[in-house]
Every structure is written in structure tokens, then in C-alpha cells.
Amino acid sequence: MKGEHRDHGRYTRRAVLKQAAAVAVTGLALDLLGPRVLAAPAPQLNPVGNLLIVQGVDAESLDPHVTTSGASKGMMWAMYDKLLERGPDMKLIPWLATSWRVLNDTTWEFRLRDNVYFHNGEKFGAEHVRDTITRFKNPSLRNVYAGQLRPVRDVEIVNPLTVRIHTDGPFALLAEVLSLYNEILPKAITSGQVDPTRQAIGTGPYKFTEWVPNQRMVMDFAERPHFSGQPKVRRLVWRPVPEAATRLVELKTGAAHLITPVDPIQIPELEATKNAEVVTFRQLSSQIVVLNSLKVRAFQDVRVRQAMNYAIDVDSVIRSVMRGAAYRLASAFGPGIPGYDESLRPYTYDMDRARQLLGEAGFRDGFEVTLVTPEGRYLNDRLASEAIAGMWSRVGVRTRVQVMDWSPFVQGVLGKTHDAFFFQQVGVLLDATTSINFDSERKGAAWQGYHNEEANRLSQDAVKTLDANRRNDMYKRLNQILYREAPWVFLWNQQGVYARQKRVKGWVGHPDGIIRLGSISLV
Amino acid sequence: MARFLVQRLAHLVWVLLAVSILVFLLIHLSGDPIRLLTPLDAKPEDVERVRRLYGLDKPIPAQYWDFVRRALRGDLGESFRYQRPAFELVLQRLPSTAMLAVVTIAVTTLVGIPAGVWIGSRVGSLADWAVSLATFVCISLPSFWLGVLLILLFADRLRLLPSSGFESWRHLILPAATLSVYTTGLITRLVRADVVHVLRQDFIRTARAKGLGEPLVLGRHALRNAMISAVTVLGLQLGNLLGGSVVVEAVFAWPGVGWLMLQGIQTRDLPLVRAVVLVVGSAFVLINLVVDLLYLYLDPRIRYDHGR
Chain A
1 MKGEHRDHGR YTRRAVLKQA AAVAVTGLAL DLLGPRVLAA PAPQLNPVGN LLIVQGVDAE
61 SLDPHVTTSG ASKGMMWAMY DKLLERGPDM KLIPWLATSW RVLNDTTWEF RLRDNVYFHN
121 GEKFGAEHVR DTITRFKNPS LRNVYAGQLR PVRDVEIVNP LTVRIHTDGP FALLAEVLSL
181 YNEILPKAIT SGQVDPTRQA IGTGPYKFTE WVPNQRMVMD FAERPHFSGQ PKVRRLVWRP
241 VPEAATRLVE LKTGAAHLIT PVDPIQIPEL EATKNAEVVT FRQLSSQIVV LNSLKVRAFQ
301 DVRVRQAMNY AIDVDSVIRS VMRGAAYRLA SAFGPGIPGY DESLRPYTYD MDRARQLLGE
361 AGFRDGFEVT LVTPEGRYLN DRLASEAIAG MWSRVGVRTR VQVMDWSPFV QGVLGKTHDA
421 FFFQQVGVLL DATTSINFDS ERKGAAWQGY HNEEANRLSQ DAVKTLDANR RNDMYKRLNQ
481 ILYREAPWVF LWNQQGVYAR QKRVKGWVGH PDGIIRLGSI SLV
Chain B
1 MARFLVQRLA HLVWVLLAVS ILVFLLIHLS GDPIRLLTPL DAKPEDVERV RRLYGLDKPI
61 PAQYWDFVRR ALRGDLGESF RYQRPAFELV LQRLPSTAML AVVTIAVTTL VGIPAGVWIG
121 SRVGSLADWA VSLATFVCIS LPSFWLGVLL ILLFADRLRL LPSSGFESWR HLILPAATLS
181 VYTTGLITRL VRADVVHVLR QDFIRTARAK GLGEPLVLGR HALRNAMISA VTVLGLQLGN
241 LLGGSVVVEA VFAWPGVGWL MLQGIQTRDL PLVRAVVLVV GSAFVLINLV VDLLYLYLDP
301 RIRYDHGR
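Those protein sequences? They're chains A and B, same order as listed. Quick note: the working numbering has the first sequence finishing at residue 523, numbered continuously throughout. Quick note: the working numbering has the second sequence finishing at residue 308, numbered continuously throughout.
Hints in this document: simulated from the structure, not taken from any laboratory. Mixed in with the good hints, there may be bad ones.
Cut-off 25 Å, straight-line C-alpha distance, at most; resulting in silico cross-link-like pairs (DSS-like, lysine-lysine) [claimed, not checked]:
no., chain 1, residue 1, chain 2, residue 2
1, A, Lys505, A, Lys91
2, A, Lys443, A, Lys137
3, A, Lys274, A, Lys295
4, A, Lys137, A, Lys123
5, B, Lys43, A, Lys416
6, A, Lys476, A, Lys505
7, B, Lys58, A, Lys91
8, A, Lys295, A, Lys443
9, A, Lys443, B, Lys43
10, A, Lys91, A, Lys274
11, B, Lys43, B, Lys58
12, B, Lys58, A, Lys295
13, A, Lys123, A, Lys207
14, B, Lys210, A, Lys137
15, A, Lys137, A, Lys187
16, A, Lys464, A, Lys443
17, B, Lys43, A, Lys464
18, A, Lys91, A, Lys476
Taking the hints into account, I'd like the entire structure generated from these sequences.
Take a look at the structure:
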């Protein structure tokens, strides 16, 4: 948007500097005080400037309950609030709910924040929580995550600022789900008066102004101070630019203040750019190769699966193919996922050990396998698969790489017809069992024949265990089993990369890759 | 003439019917659309519920019949992705694509045709060699590569033009230039070849023998006769450009029909792809009709009522 600098024209240089200083001091104070400051009255600041955010894709819809992509969620969460939120360390923090507690196995109580208003003037309260959850679960809504709240039986209004959520059984993931989905809607939307695909009305720090699909989504700061602090930029403009090289030029030329995703190959150029800086983070999703023991008999033997891990020099692949933009993964879950165990060491690269294990399993002469990969879905997916195939072939597992378009690739994953496939184990929820890919009873989307009674029991019991510490211990045990039994080849957590102009302050990236504005400002 | 027009418009209906069946089959043959519309971690019951909501649980012929019934009422369905009427989405994008197409064709016509005539009348000269070589380079450059190169030069290095988006006439320059390079090269070569051919004809010799000056020989006699193939190709190019240049629109984040269709195909958004193809297909057929009518002006020997 070419109006970027015009807003500054209304201010004197001195006034802008004063405001910038105030913004910086307040931002620092907010950071230091953390979530506790959320309840305090927000300082009155005059937001300045247009913040231009360029992402690879546009929002899928303006209806927050229908959007699924991280790019869409970032846009929605500038306008809508949820009951709970996650901090940069991905820990749950109070948001529209100021506190929550488990009353018994099937009841959770949430205390709600007072003096919160929707952009249409409605005062937020318990009825909105009830109506929003009812809408979220409505089977006629094209919400592909409706099932996440299926265990919720009833929302009881205790008083205008307290709700109790009753579930059919112990539902340990409730807080988790409420921090990622179920953006709270006003009655204007839940009653059907306003079409949320045309008009967004939330309680967030920014209110909806305009959406021209594939062109721009514009939001202006909401006049009422937000409980997390009043926005420090006047206007947000989100634009989709699919081409990575173009996004980079947008940042360098000042046509964008924040861009994502950034191809790691562009990092040196960005680092050499005077006005830009790179923000990297370790993504939560695990990059793996899934071994299909339903299709390849050899993979039924744990020694063969371990051999497939020993045969790969993952560090070299990270260095050469991934250009360092990945973090070695020792087991099924990396840091940030419940059950992560830092004591587990990655499988070492040991071709002799791999050959020995294959021999012990009766595959001294190796066997043939096809490694299937999408192209362009994950960073350097085809190249990494070719490197892995070469290394497997060197220990006798003669591997052919087959590149597939995403649709048939997914059909093969679901139909369990690939011998082995390069994959990203990603759950929108941080919970380790979201995709239940290692539970032979529930047979999740990417489950490919792995069976272990204890793993089944742990993954099924954990989601019913409301005590977070106990649940974490169960996941840790599960992770140790998966590490030892190696149903997958454990590769890496990919590096997420943003780039921003140096004048963007007060913003930190989250490991889930979703943009949360926090106290972002332009100086 | 009237009969010709009615016949061509009737053809339009058949073309659209055939194209819609083809799109329907191709989308379904390339995989289950619902698997690209839903994330992998969606619960199976949610996937099946959403499949029913989209009507994708019905047999393919029944889905197609539903589409035809609604299309006859002017309803091309609702985009799976955007949850808005697909036809409305296409119409929103059409002006930006049309603008890009018209500017590209205008540049092509204004540069390519004079250049083709000029070098066509100087066969074997240094100018002919130089321009022919340039046109060869123009049609050989991949538009993706050229687009990025122009961005790096004019937006990044020289800071003269914006790199992407659709906000003002300045945003139009780089994508239009990228597209024009190929079409201008193509038309220049085509016109050159035709001019060379026409200038060897007897009527040109006659015109010169009558004492007409070279500009008149070229402008009135050679050019008009050389224009038939140029108009044909320009019409086809305009049709292609109205379908959106997928690559160029994606590189420049130009919010046009091509980028919309790319997204539709990537997410198997059947109503969206269908709407784009039907609108663009209609435009293509109508443009070709106009081209056929232009032949009448360019070559009076052509008649479309010979059947009577």
C-alpha cells in the first residue's frame, strides 16, 4: 500500500520519536511483567503507521471457524480472541478467560474477563462462550475441526463472567483446543444476522476494514483499548505474495515490514541488507520418513527399522541439502511437544551397525523399497529424499525415489499404499497424540502398521489424564518406546524463517509459525 | 452472416458443455478433492461430514447433474475455499486480468507489427538480423525467469517500480512487460514472415509499377494482407491472456484469474475451477468470433454465407 508513509505526515518528527520511545518503554514493561499485566488497564497510546505483512498465501475465508492454515489464523487472531492463548514459549496464558480450573473429571470452569467489548459494541460474556461453542460444533458448518470439541456436552452459564464446560468423559485437551480454535464470536454472528464470511466482528486489538481476496486484508486498530495493550500501529495490511523472491524484494524496498515464509537460501542476502533482519525459530513439527510395515514385510522387524535410522547421515543432509535450516531430531517429538525427552540421543550414522542389524533380521542381501515424496510441500523434500535413498542403497536397501503430486501422495498415505514416505508429522494441537499415528487401534491418518500394546495404552490414557504432569510423563514414556522401536526415521525439526525490517519492534515469532502481533510497533 | 453468428453462438454452448465435463472429470481423476480441502489431522468423521456438505459424497454423474441444474439458473456454485459464489470471485478478478491482457496486446500490436513490417521489408539487412535475433531471444525467455529478473532490476536495484500487487498503473508495468516480451517477439516474427511472402506477390509488383511510394505499398497493400495471421494469433493470445497468465500473476502477486485458477487447482476447489474455465472459455470463443469477423474487413474475398 502506497499510503504507508502518509500517516507519518500527520505527525511531527518530534512527536513520532516521543511516541516511539513510549512504545518501546511500554513494550519492554509488558515483556518484563508477562501475562500478569494483562489485567491492568491498558495505556492510552496513539497508534502510528501502516504495518505491511506479506505472507505466501491469503486467508482461506473470513470465517475464523472455517480457516485452518497458519497464515489465516494469524490474520483472524488480530481481530478475534480466544479464551486462552499461547506465549512465545507455547505455554498457555490467560486471554478472554482470566483463569481456569478442573472441577472434576468432566467439568472445567473458566472465569471470563470483564469490560471486553466486540467491535460492534456487544459486551463479551458467558453467553458468547456458550453460543460460540455451539456454533463451532454445528454439523452444518464447514468446520473441519468441529470434532475437536465433540467431547463437550454442555456449556453451563454460572454467572455472566463464569462458565462451566461439561464433557462426556475426561477431556484433557480442552484447554489446548480452546487456545487454538473457537474464536469467540458476537451474537450478531452466532444468531445469523451477520455473515462472518463477509464481515469480521471480534474483540481483538484490530477491527476488520476490508478484504479483497488474493489482494489485501486491511484492519484498523479498534478504538477501545485491548486488554493486552492498545495496538501501536494504526493499520494492518496483509498481502499474499506466493513467490519467495518477490517477497524478499518487497521487504528490501519497504513495501513490506514483515515477510513469511522466507526460503533459507535467502538468509545471506537478508543478512547483508541494511534495513532487514532475520528471525528464525525451531518449528514444532517433526520431519520424518514413515516406514510402512503393512506394505514392506521387512519393516515389521524392529532391527530393520533401527537400521534404516542408523543408515542415514542426518547431520550431513541437514548441512548440505537443508543448508543448516533444520534442527536434528532424536525421536518422535522435538522440544515444545509434551513428552519431549532431552536425554534421548539421535541415532548415530553407522553403516556397519545398519548392515549388521539387517543381517540379523535376515536381510543380509537387502531388499527393494520405494520412497515416496511430495515436491515443494516441505523444504527441499525431493532432494532430501534422494539423499536418504542414496544412503539406504549403500547398506543394501535398494531405494527408488518416487515424486508425487500432493493429492495422490495423500491418497497413498491414507490408503497406506506407499512403502515409505517423506512426511511431516504435524498436529495443530501440540498434544503428542493428535494424529494418533502410532496407535494401532485408532489407526490415524499416517499410521502404517506399527503396533505396540503399551504405546496404544499410553496414547489412549494420556488424553483422559487431566493432570498435566502425569500426562507429560506418559508421553515421555511413549516417546521412549517410539525412539527404541523406530516406526519412523527421525530426521529434523525444520527451521521457520521470518524476515522483518529493523523498524519493526516488539514482535517475536512463535514456534507454531502463526503470527501473533503482541506489542508490535513501527519506529 | 446472421446464420454464421447464430451457428457460432450455438457452438459456444457445446464448447462450454464439453469443457465443463472435462474439468469435472479431470478434477476427480486427479484425486479425492476432499483430501486437499481438509487437513490430514482432521478427524475422519469431520472429513466425511464436510464431504457431505460439499455434495462430494454423491456419484460423479449426480454431482455433474446438480451443477448443470444450478448453472442453468445462473448459479455456478460456491467456492469450497472462499465460501463465496465462484462466479462472483471470477468476476472480481477479471478486470485486473483483462487490464493486463489488453495492455499486453496493445504493446504487442504497437511494437510488434511495425517492427515486423520494417524488418520484413529489409530482408537480409543488418537490422533484419539484429531484430530477428532479438525476437528469437524474446520468445525463448521463460516468463518466470524474466519476471523475477525484472523485479530484481527495476524494483530491487533501481527502485523505480513496485514489485508486486495491484494498486496503481505503476504496478502494471512489470507484469505487462514480462508478458509483452514473448507476444511481441512472436508477432514480430510472424508479421515479418508474412510481409516477406506478400512482397513477392504480383499485386505488389503491380502497385510499385503504378508508381506508388514504398510506404503506401507497405501500409496499404502488404500490411493488410499480412495481417490475417497476425490477427489470428493476437486473438488467440488475447484469449490465453484472459485465461490469466498463471506464472506471471503468481510472480507479481497480480490478483487475476490465472492465480485464482492456480489456487483452485491446487486445492481441488471444483466450483472455482469450473467457474474460471467457463468464463474464460466463453471469452475465448467470443474473441475468436470477433477475429473471424475481422477477417471480413481484412480480406474481402472471405465470405461466411457461402452455404446459401
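Quick rundown of the hints versus the structure:
This hinted pair checks out: Lys505 of chain A and Lys91 of chain A have alpha carbons roughly 22 Å apart, not beyond 25 Å. Annotation: proposed proximity of Lys443 of chain A to Lys137 of chain A holds, straight-line Cα distance about 24 Å (limit 25 Å). At most 25 Å may separate the alpha-carbon atoms for a hinted pair to count; Lys274 of chain A and Lys295 of chain A exceed this at roughly 53 Å. Restraint check: the Cα-Cα separation between Lys137 of chain A and Lys123 of chain A comes to about 23 Å, which is no more than 25 Å; the hinted pair holds.
Using a Cα cut-off of 25 Å, the hinted pair Lys43 of chain B and Lys416 of chain A holds, with the two alpha carbons roughly 17 Å apart. The hinted pair formed by Lys476 of chain A and Lys505 of chain A fails the criterion: a straight-line CA distance of about 37 Å is larger than 25 Å. For the proposed pair Lys58 of chain B and Lys91 of chain A, the alpha carbon gap of about 44 Å is over 25 Å, so the pair is violated. For the proposed pair Lys295 of chain A and Lys443 of chain A, the alpha carbon gap of about 15 Å is at most 25 Å, so the pair holds.
As the CA atoms of Lys443 of chain A and Lys43 of chain B are separated by approximately 11 Å, the hinted pair is consistent with the 25 Å bound. Proximity of Lys91 of chain A to Lys274 of chain A is assessed by CA-CA distance (about 34 Å); at most 25 Å being required, the pair is judged violated. The suggested pairing of Lys43 of chain B with Lys58 of chain B holds, with an alpha-carbon distance near 21 Å, which does not exceed 25 Å. Our distance criterion of 25 Å between C-alpha atoms is broken by Lys58 of chain B and Lys295 of chain A, whose separation comes to about 31 Å.
Annotation: proposed proximity of Lys123 of chain A to Lys207 of chain A holds, straight-line Cα distance about 15 Å (limit 25 Å). This hinted pair does not check out: Lys210 of chain B and Lys137 of chain A have alpha carbons roughly 86 Å apart, beyond 25 Å. Distance restraint check for Lys137 of chain A and Lys187 of chain A: the Cα-Cα separation of roughly 16 Å lies within the 25 Å cut-off, and the hinted pair is therefore satisfied. Between the alpha carbons of Lys464 of chain A and Lys443 of chain A the distance comes to roughly 18 Å, so the proposed pair stays at or under 25 Å and holds.
Distance check on the hinted pair: Lys43 of chain B and Lys464 of chain A sit about 18 Å apart at the alpha-carbon level, within 25 Å; holds. A distance of roughly 18 Å separates the Cα atoms of Lys91 of chain A and Lys476 of chain A; the hinted pair therefore holds under the 25 Å criterion.
Going down the numbered hints, you'll see the structure goes against 3, 6, 7, 10, 12, 14, while the others check out.
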